[in-house]
Each structure stands twice: as C-alpha cells, then as structure tokens.
Amino acid sequence: MAEDYILETRNLVKEFKGFIAVNDVSLKVRRGHIHALIGPNGAGKTTVFNLLTKFLGPTRGSIHYNGEDITPEHSAQIARRGIVRSFQISAVFPHLTVLENVRIALQRKLGISFHFWRSDRSLEALNGRAMELLAQVGLESFAGMVAVELPYGRKRALEIATTLALEPELMLLDEPTQGMGHEDVDLVRDLIKKVSANRTVLMVEHNMGVVAGISDTITVLARGAVLAEGPYAEVSKNPAVIEAYMGTAH
Amino acid sequence: AQKGAAKLSGDMVKIGVLTDMSGVYSDLGGQGSVTAAQMAIDDFKAQAKPSWKIELVYADHQNKADVGSNKAREWYDTQGVDMITDALNSAVALAVSKVTLEKKRILLDTGAASTRLTNEDCSPNTVHYVYDTYALANGPGKAVTKQGKDSWYFLTADYAFGHSLEKDTMDAVKANGGKVIGAVRHPLNASDFSSFLLQAQASKAKVVGLANAGGDTINSIKAANEFGLTKTQTIVGLLTTIIDIHALGLPTTQGMMFTEGFYWNLNNETREWSRKFFGKHKKMPSMLHAGTYSAVMTYLKAVQATGTDEADAVMKHLKATTINDMFAKGGKIREDGRMVHDMYLVEVKKPAESKEPWDYYNIKAVIPGSEAFQPMSLSRCPLVKK
Amino acid sequence: MNRQLIGYGILLALMLAAPAVLYPVLVMKILCFALFACAFNLLIGFTGLLSFGHAVFLGTAGYVAGHSIKVWGFPPELGLIAAALAAAALGWVIGSLAIRRSGIYFAMITLALAQMMYFFFLQAPFTGGEDGLQDVPRGKLLGFIDLADDYNLYYFVLAVFVFAFWLIHRTIHSPFGQVLKAIRENEARAISLGYDVAKYKLLAFVLSAGLAGLAGATKTLVFRFATLTDAHWHTSGEVVLMTLLGGMGTVFGPVVGAATIVTLQNELADKVGSLVTVIMGAIFVVCVLAFRRGIVGELGALYKKMLGGKG
Amino acid sequence: MTAAEYLRVTDLHAFYGESHILHGMDFRVNSGECVTLLGRNGAGRTTTLKAILGLTGRRTGSVMLNGREVIGWPTHRIAHLGVGYCPEERGIYASLSTEENLMLPPQVGSGGMPVEEIYRMFPNLEERRQSQGSRLSGGEQQMLAMARILRTGARLLLLDEISEGLAPVIVQKLGEVIRSLKEKGFTVILVEQNFHFAAPLADRLYIVEHGRIVAEIGRDELEQKQALLHEYLGV
Amino acid sequence: MTEIFGIPIQAFMGQLMLGLVNGSFYAMLSLGLAVIFGMLNIINFAHGALYMAGAMLAWMGLNYFGIGYWWSLLLAPLGVGVIGIFIERSMLQWLYKLDHLYGLLLTFGLALILEGLFRDLYGVSGLPYSIPEEFAGAYNLGFMFLPKYRAWVILASLLVCFATWFVIEKTRLGAYLRAATENPKLTQAFGINVPLMVMLTYGFGVALAGFAGVLAAPAMQISPLMGSNLIIVVFAVVVIGGMGSILGSIVTGLGLGVIEGLTKVFYPEASSTVVFIIMAIVLLVRPAGLFGREK
Ligand SMILES: Nc1ncnc2c1ncn2[C@@H]1O[C@H](COP(=O)(O)OP(=O)(O)OP(=O)(O)O)[C@@H](O)[C@H]1O
Ligand SMILES: Nc1ncnc2c1ncn2[C@@H]1O[C@H](COP(=O)(O)OP(=O)(O)OP(=O)(O)O)[C@@H](O)[C@H]1O
Ligand SMILES: [Mg+2]
Ligand SMILES: [Mg+2]
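First to last, the protein sequences are chains E, U, P, H and S. Heads up: the first sequence runs through residues 80 to 329, numbered per my numbering. Heads up: the second sequence runs through residues 16 to 401, numbered per my numbering. Heads up: the third sequence runs through residues 1155 to 1465, numbered per my numbering. Heads up: the fourth sequence runs through residues 645 to 879, numbered per my numbering. Heads up: the fifth sequence runs through residues 16 to 310, numbered per my numbering.
I should point out that these hints are in silico values taken from the structure, not numbers from a laboratory. Quantities reported herein were computed from a predicted structural model and do not represent experimental measurements. Glycine is no exception: its CB is placed at the ideal position from the N, C-alpha and C atoms. Hints should not be assumed to be uniformly reliable.
With the C-beta cut set under 7 Å, the calculated list includes, among others, these residues of chain E facing chain P [as the list claims (entries may be wrong)]:
#1 Ala170
#2 Phe172
#3 His174
#4 Ile183
#5 Arg187
#6 Ser192
#7 Phe193
#8 His194
#9 Phe195
Build out the structure end to end from the sequences listed, making use of the hints.
What follows is the structure in structure tokens.
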C-alpha cells in the first residue's frame, strides 16, 4: 500500500490569523500519475503547494514522502529529496545559452561548483546529457541560442528541461499553462505528458482542456477542503463541482 | 658674496610646500603657506639678488601620510626638490622626515606638532621650526594652574597628537602643583561634543583642557558655551590659533588662554609683514604662515651663504645661524632639530576690547624659548650626545 | 583566442618595460589599485554585489602586512600571504553578515561594517591610529632579493599583479564562475535548482576580499606604510569609481579605471586643490548618467559596432 | 460612424528601449462597443493597451480618444479622460489591504459602480477585505484588479487577460459583467488568450501579429473566417 | 537616589537627553532617506551633503542677507528642496529604470561635488552660527541641565517626524504615495500624477535633511564634512530599523541616539562603533531590520 503512494498528506491544516486556508486535507498522490489539483479561486491550492515545499509551515497535520514523514524538513532538504517545484513566472537564466541553462542544473551534482581554480572546460563533459534533455523537450536545435531570445512557449519548455535535469521524482507545477496561447498550451500539455513517464506530476491548473487531457486523478478543493476526487469523467459530472467550480458552460 | 660660485643641483633651488590644501588644517597652513613661501622667495630675490633661480612647488598631502611621503619621494626623485616646508600634520611630517633622510634633502617642518620629530624620530635633516605639543602644553599648563585654577579635566582627541598634547599638559600641570581629575577621549572629527562636555562639567574641575585641534576645538568650544561651562569652568584650547578664534568669534572665545608662536599685532615688524600677507591672502597669518616665511627665508640665506644646496652643508650652516626676523628673535636650531624661539601666552580679548578686525589677543606673557621647549636634557633623540 | 594571447603578451611586455619610462613608484601604485579594482570587480561585475566598504580589506591587509613584517619580522612574501588571508577571513565575517540582505542594503551594510572596522583601527594600539604604521621595511624577497630597490620591487609587484589577475580570470571562467553568473541572472531560479546561493556569494566575497587584501599588503610594501586612509570609505568610493569608469564586468576595465583615476589624482592634486573631490564627483555623475559601460565597455561596444558595420 | 467613434488608433509604433514592438497598429473602437484583440504570445496586445495609456517607452502615431489627440499626453491625464486599466500582471498593491486597493484609484468619471454591488459580484473580496493585497490568492487578485476600475466611473475599459487564472465559474460571471457593462454604454477593449471567453462578448475581433493588426473579424463573420482564426491562433 | 550605576543622576539624565537630540537628527535623516527610498528606490547618498547644505544656506542667509534663524528654518529647507527638485529633474529621473545601485552611485558623486564645492568656498574649519536669543541659556530641571536650544531641537524634530508619518500613513495623499511607491506606472495609469509626486517627494525628503541641517547649525559645527560623518551612521540606523516603515525609522533613529549617548557615559571608546555593532546583531537575528518586512 505504502509504496503505491509517493506522497501523502494527513489532515493538513493551514491557518492564517484565524482564517483557515487549508482545512484537513488528506491527499494521496499515486506514483507515476499525473495528479491535478483544481478548485475555485482562493480554495487553497497554492497554499497546499507551499506547504508541500515548506514555503509555509503547516499548522497541523503531516506530510509523508515515500512513506517517510518529511513534515519537519526545510525546503532545501525537500528539494534534494527530489520534489521540485516550477514557478509561475518563466524562470530561465536569460543571458546564458539554452545549453548552459541546462548545464547549470546538471553541474550541481558534479560537485565541482565551488572550484574556482578549475577551467570551465571541465563542464563540457555534461554537454551530452544536456543535449539529451533538450532533445526531450524539442529544443536541441536551439542549444546555442541565448535564452532571452526564445519565444514564450519554448522558454517554458527550457524551464522544464532544466527541472528535469535535477531528476525529480515528483514535479509540482502551479498553473503551468497560465498566460499561454492555444498553440503553446498544447505544446506544454504534450510536454508534461511526455516527461511524466517514470515520474509523478502534481499540478494546479485552471485550463480544463489540459486537465481533462492528461490527468489521471483530480482532486477538487473548495474552501480549503477536499470536495471531490477521482478521474476527470467522474469529477466533472459531480454537481457540487459544477456548482462550485466548473460552471454551467462546461 | 659667493653669488657666482654657487654649486646648485639643477642650477636652481627648488622649494616644496607640502601642506593640507583641502582638509581640516587647510586654513591653518594650506594656500596661506604657499603665499608665505612665495613672499619669502620674492623678498629674498629683492634683497639678495641671487644669480640662481628659485622655484616653488606645492602639493596637497590631504592629511594622508602615504600621499605626503609619496609626493615627497616623487619631488625628490623626479623634480629635484631641495627643501620641503610646512608639512603640517604629525603623521605626514614623520613620514616625510624619513623620506627626506633617505634622499638626503632638508625638511623645515613648520606645521606639525608632535614632539616625536625631535625625540625618538629625530633626523639630522629635519628642523622642527614653529611649535610642538610640549610648547603648547607648557604655557597654559603653567600659567593657568598658577592662577589657582589647579584642577584639570581633559577633552582629548583620541589619536597620537591628542595623547601627546594631553600628556605634556598633564606633566606641566602637575609640575606646577595642579592636579588632573580625569580625561575623556573623543574620536577625531566628532560631530557632537555635548556629551563629552557634560562629563567634563560633572567632573567639577576648574579647568577643561582641550587637547584637540581645528574643527574639534571649535566644536568643543561652541558646545561648552551652550552648556554654560564657560560660566563655571575655564576652557583652555591647547592648540588654538587665531584662525579658530576668527571662526568662533570673540563673544564665544573671550577670556580663553593658550600658547601662540606668533601674533600679527605684536610689533611694527609683525604688523607690517602681516598686513602685506593679508593683502595677498585676505586673512591674517597663523603662526604656521609666519613660520613658513621665516623658514624659507632662512633656508635661502643659508644656501646663499654656503653656495650649495647640498643638504649636509646647508644644515650645518643652519644650525650655526641665529635667526632674527619678524617671526623669531634670536632663534636657534638645536642639535635635535628643534628651532628654539620665544612663544606667547595669549588671552582672547573681550569683544569690547577689540579695536579692529583680527585684533584678538592680549599677550599675557612671553615665554622665552629656553622655557617654551623641551630642554635638551630630557631629549630622547639619538643624535643628542649626552 | 590566439589574438587574445598576443594582446596579453604585448601588454605584459609593455608593463615589463614601463619603469624605464615612467616613475616606478607611481606605476606600482597604479598596479596596486588596479588589483584592488579587479578584486572589487569580481563582485560587482560578475556577481552583481556592490560592496561599498571594500577599502576595509585593503586597509586590514595593509596593517597585517605592516605589523607582521615590521614587528614580527616576517619576510615580505610571508607578510603578503598572511595579510591576504587575514583580509579573506574578515571578508568571511563581513560577508556572512551582509549577504543576509541584497541590493542596496547589501551596499549599506558593507559600508557600515567597514566604517566600524575603521573606528576600530583608529583606536587599536597596533595601527598607530592617525599616524599610521610607518617605516615598514621592504625586506628581502626569499631572503636575497633586496626590495628596497624600486626596480626589484617593481617586478615583484608586477608578478603579484599578474598572478592575481590570472586568478580572477580563472575564477570567472570556472564552474564556480558559471554558477555566479547564473545567480546574477536569476537568483530565485538558482535557489530552486538546489544551489545554496548564499554560500556561493560568500565564497565570491571572500575571494574578492582576499585579493583586495593582497593589493593592500602590496601597497604597504611599496609605500612602507599602512594608513587609515586605506580603510576609509572614501577609498571604497574610489574603487567603485575606478571600476565604473573603466567598465564594470569587463576584464580590463578596472585596470584602465585605476590607471586613469590614480594618474588624474596625481596630476590634479597640486593644480586644483580641493576641487579634486568635485572633479571625482563629476566623473561619477557623468559615468552614471551617460557612460555606464565605462571606457572599456564603450570601446568594446564601438568595436562590435564597427565589426557589425563591416559585416 | 465617426460620431460614435470613441477611440481611434492610427499607425501606432511603440518601443521598449531599443526594441521596436508595435509596427503601425490601426484600429478603432466605437462608443459602447466591446472589441477584442487576439493574438499569439508576444504579438503585442498588451503593448497596445500600454501604448494607448502612454506606459511604453517611446511611441509615435496617433491615438484619438473621444475626439482628442492624446499621443503626447502624460499617462495620468489620459486616465482622467475616463480610462480604466486592468493590467495583465494584476498590479495589486502588496502594501495596501484589499479594501485600500479597491478604494485607491481616484474617480475619473461619473457613474462608477457602488462598492456594495462590487462586493456582491465578488464575495471573496468582501470576505478578505482586511487582508493584505499580496496575501490574496491568484484568482482573488485578478478579481480585485477588475473590481477596482469598475468603481472609478471610467468609460473606456482596457482589460488585459482578465479570465486568466480564474475558475470557470468566475470566468462565466465575468462574461455576464462585461455584457452588463456594455448595456450601460461602457466601451471595452478586451485582450484575451481565451478565445472561447472573448468571442461571444466581442462586437468585433482584431487579430494582432508582430505588432500589427492582420485581420478584423466582425461578430457575424466568425463562422466563415474559421480558417483565418486557425491560421493565426491555432483554434 | 542621586546616582545610577555610579553616575550622578544629573549627568545620566543629561546624557540621555543628548542622545535624544542626536537621535532626533538620526530620525529626521533616516526618515528622509526612507521617504526617498520608498518613492524613487534610490538610496540618497547625497542626503548628508544636503543636510550640510541646509546648515550652509542658513549661514549664508544670515551672513549675506541678514536672514535670521526663524526665517532660515523655513527658507533653507525650501532652498534645499529646490536643489533636490533640480537634481531629480535633471539627473535622477533618468535612472529609475536601471539597477538601484546607479542611484546610489550618482548621489554619491553629487555628495562629493557638493562637499568639494563648499570646501573650496569656505574651507573646513567650520563656520559660526549662534543660538537664537530665544533659546540662549538652559533650564535647570534639578535632576538635569537642559539647554533650551536642545529641547527645541527634540520638540521640532518630533513634530516634523510625526507630521510626516501622519501624512503618509493616514491621508489619501499618503495612500497615493504608498501606491506609487509600489507600482508607479500603474498608479499613473489610474490618473495620479506620479512624476510630480516623485519630484515633490524627493524635494520633501531632502528638505527634511535641510531642516535638520538648520536645526543643527547652532548646536554643531557648520562644516562641509558635517554630513558625510553622519550619513554612514544613518545608513546603519536604516538597516537596523528596516526601510519598510516610516514609524520604524523614527523610532529607531531616536532609540539609537539614546543608546549611543549612554555608551558615551559607560564606555566612551565604543561610542562610535556601538551603532554598527547593534546593526550586526540585528542582521543576525532579524535580517529585515526591526520594523522591516521580509520580501
Ligand atoms: N499569507 C496569507 N495570509 C493570509 N491569507 C492568505 C495567505 N495566503 C493565502 N491566503 C488566503 O488563503 C486562501 C487560499 O489561497 P490560495 O492561494 O491557496 O488559493 P488558490 O486555491 O491557489 O486560488 P487561485 O486559484 O485563485 O490561485 C485565499 O483566500 C487567500 O486569500
Ligand atoms: N518591458 C519590456 N521590455 C522589452 N521588451 C518587452 C517588454 N515588454 C514586452 N516586451 C516584448 O514585446 C513583445 C510584445 O509583448 P506583449 O506583452 O505586448 O505581448 P502580448 O501580445 O500581450 O503577449 P502575452 O500573451 O505574452 O501577454 C514581446 O516580444 C515581449 O518580449
Ligand atoms: Mg493559486
Ligand atoms: Mg499580454
């Protein structure tokens, strides 16, 4: 049972000066799934993410990762365990090349990042792996370009490639398609689908097209508590969800 | 007499005024020293009509010992400067004195105060010309204590100059039967003195001695007025000059007592020269300015007399000369480099007593050179044979 | 690449020949400040940290070198090393405090801490306070090269400079330099990639402090002095000006800037007196308003433009 | 036709520093109309709104607002002609509370929406009114950004991606709001990615590409211009 | 009880009051810095020089035009404000889009220029400015001796600080200011004349410094260097207080003045470093400063 779920929260609660933003949430994320977290605005989705990555400390409740209780750990420790979070604003190193962007992420594990006396040619050993990652997101032909010149959607792709370089077991994506045009939304959706092989993805997303398309499980939050859970087809028919979130148009 | 025969390096005599042109002491020396040196050169040319050229260079040492020594080094190495004068600021003076010795030239220091120049750091090529902390301390230390104001509290600038001034004054006070109640050290260039003065006030000492200089002295005196110290205690600015009095005005400074090396309104000779100086500089001369004039003049005469600008010969002649001019009467340069001359214990006039601008002092006493300066018997200078 | 090497070669040859034409002490002063500015540039230009109190490292190292050589009788090379290490250690302390804040706060904190050290030096007995630590013997390098001779000293100073310059160059183009670049570009992202950003900044700060210390110690040897001036915030301002004028983040900018400012100060000090400050201030203002890339930066841009025009 | 014209943009060029972003935008908006600017990411739609308000760098061309040429005017004077702007990044003031945020923009026209009505429309805001601006959730911030310009009485609303990051129910509600605004005679320029949200609201749609208008589609032409839409927007 | 820690109560209270006076200057200067930093995102290094300019203007007014203390208290800050407006219009406004450090560097350059000019004109020995007659003398409160002028300095600065705080935190204008501080472009898009506000804010901020300068003139030495000696301490005050709040800079300024004053009594050698030591401790414990908000 335990190895089935990569991440579990038990009765997670977060209060802000009397306001309960997350209320007794027990979430189970199955290994290898794409798990979507949806819900009306202010439901507490981002707060849950913040709790998982320890940007906020929970008021009550516990978080378990691979069966271990990680509630008391710091963000950096959690990141090192393989839980990596993406940012809503595009996060690349604008004046490094696409290749260098990925290499920075790979470099850390090499253990030579404090070696100021060493030539940076020692990093060229990483180029092969970096190109592999770029190929995964379809950026291999852009490797020499400066990141700032990439179109928006490709920047997001680069960001994902960089994140993949850290070999995360669990990726947390907060509204990965926000602000994207239709074409880019499709691109990123396909990308998430593709990289989710061998790893688990937990994402917050308002774009029902994306959620419907790729998620295996959906949890609906409302007013800080879990309202419904299940596959898209099931959840989207739940009247409470329609009333609180989907609206009649869908 | 030997005009034609002069053997001069570079066929001329080059004099460098190394002074503070922009810092805390620039009013004390600064441009005024340059003016005074130029006046000496002009006067010398007019009187002695030398066949050789005299050139004047000057530079700002910014009160930085490294800038000063670097400049001196550069002057000696690349410009053929024969003699440096002014060199106010003890730190600069000590540094320049060392370079001067290394390069075998002459330093006639008219600006620095530290007695180290003629004690442990004395040099055969350096003359300490105008004043030093011993002389400053001695006059008021003795005179004020003898007036019955025999308990002292010190306000001391927390660095070598202040410490040595404080120590010298304490010695003088004790030697004359007074006692020292305490001292408070303040950082150099402190912006606010009121708290130190409150401590001085709380000490109930009869005299508050200011062992500091320039802006710090001015500030201390202002604050002393505000806190009413002047009503109950006597303030003695140990290094106060006419420039400070001018800055503070008589109402604030009246009745203060201190040692001066020169006063423009002393006699006809000083008045004549000072008025001439005033015409060029728009301010009356400080003792540094007058001393610089005297030093340059004395030096030029020595060069003329010896027919060379070679340092050893000139120094030898200097030490054998008696200096008689508007600045010093019967001035003598001792073996340790101390130029011994009379000093003046002055008291600042009441506003009503002042008859004209810059008429600031009543001369309370003339301190003969032999008493004003540290006696040779106490000298720690290795050059002095005992 | 080759052309670059030839360029370095020519420069080195020029520097080797310099004392034949120029006053060696002045050139040594320029080299010391150039090294100081290069060390400073490692922070501002390549890490994006404006340390406004960098003079404290120059000054500290000056005192350590002066004291160890004069009082403890260290040979000059050992004095230099001790001083650079001391400056680096101080850099570690100040750096760990200052990197808790970023941007201009960082600048203000470094400035304030440097000022605190300044007051400490003012009062500490071994510094000689306002008088400075005078009469530091230059000693004999490795026991037999007499540094009292200006020319011997010059080549020693040049060697120190070239070594430090090489080290800075290497640091910029190292894996560490690459991370610094990333931090400067996007700090939040660097954190999220698992880099402990503070540690990298701190190492950069310590390196820069150590090299600035090397400059200060060398300067002490040249002038046989360690003074408070070197630790004063005006000196911190000067090094900013040198770097800004020469070109922040360029390799040669700080050198050009240091040479320009030192020469200018040397020339102007006697001619305009207190207006030197005004002129320095004006250069600051002009650089910031119209000339932010600095001399080297502007020339580089011009060169690129010309290439572009041709191509 | 011209009588009802509220905004006319002619040959508008805009720059951010060196980069030339708008290359001669031409379009008009009639009084009481809702016009949508569609286009890919980076096409220049946000920049167009900013250029109208003078928030970009240098700009040239002509912006006629209610019969006045405002291209040379400073931003705040343009705003006082009755323009309300809801920026893409929401622009909630972190140091002000929700309520202070809401009350901040000065009145620039008559007939602004009363606060009670606004709170009825966005109950979240009323609930969180004492909360600091930065503490609001993404969607709440979006609501607040929209709400605060409804209060000011602005007649021309420049709305940038207002459906972004909102739950589908709220998006639906926003659609109703815009419809009712139109009824009250407000003029609206809607910049949207969300074609399905924008299309039913718009009287006309402009497609922006590389800083130019490349196509204009009337509401009734939507069907027949499907191909065009697909080409430019991928829908 | 006539002694506190072995110090006569009279001296102790005197020192406390003096600390408060110094604290008043810290408070006014750091308040001006905070207001300027808030709006322009610039650390105004020229603040010290403009404080000096305030005192200098008062002196010049008195000596060239016979303008007395009271008029100076009004006119000199105005003059400094005008200088500030000139600086803002002609230079600072071109820097807002750039990295903050350029603002710091520019104002540093301006400080050098101002200082150098006054130094060239008036030397460094300091200029006299006597205490206005109304304030000559002192109150003897029994337990302490309070020079009237110092009392006035504390009162005046508290008034000015409070008024500034009130305007910024409690009025609509203040709300506009705070909004413009955070997002000037958007605020302008709402119809608020932000450039004008920025200009006036800078003018006001430096006028505060000018006002402090005039207040300081009779109590301290008017010298070209009076500002640069103070400004770094004020920087430390700002770091300790945190730039976030107006109240923070006032309270911290006053508090540190007092602490510094007491250090002068108990351990004078440390009086010039105590503020920096406190800064180091605060940084260890609360990097954002006592009143600052972590971003
Ligand atoms: N630091 C905080 N202090 C006080 N309240 C907070 C804080 N952070 C979030 N909240 C409140 O908690 C609730 C949940 O916020 P959260 O950001 O998790 O919502 P969300 O589900 O991500 O919504 P959205 O879809 O709009 O982004 C909101 O009502 C918000 O105002
Ligand atoms: N401040 C800026 N400085 C420089 N370039 C900018 C700036 N803001 C936007 N741009 C560039 O201008 C172009 C148009 O941007 P704009 O924000 O107007 O696009 P958009 O159509 O609104 O797209 P989006 O969907 O991203 O909001 C883009 O290429 C963008 O990179
Ligand atoms: Mg959210
Ligand atoms: Mg946009």
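Legend entry - Hints violated by the structure (listed by number, smallest first): none
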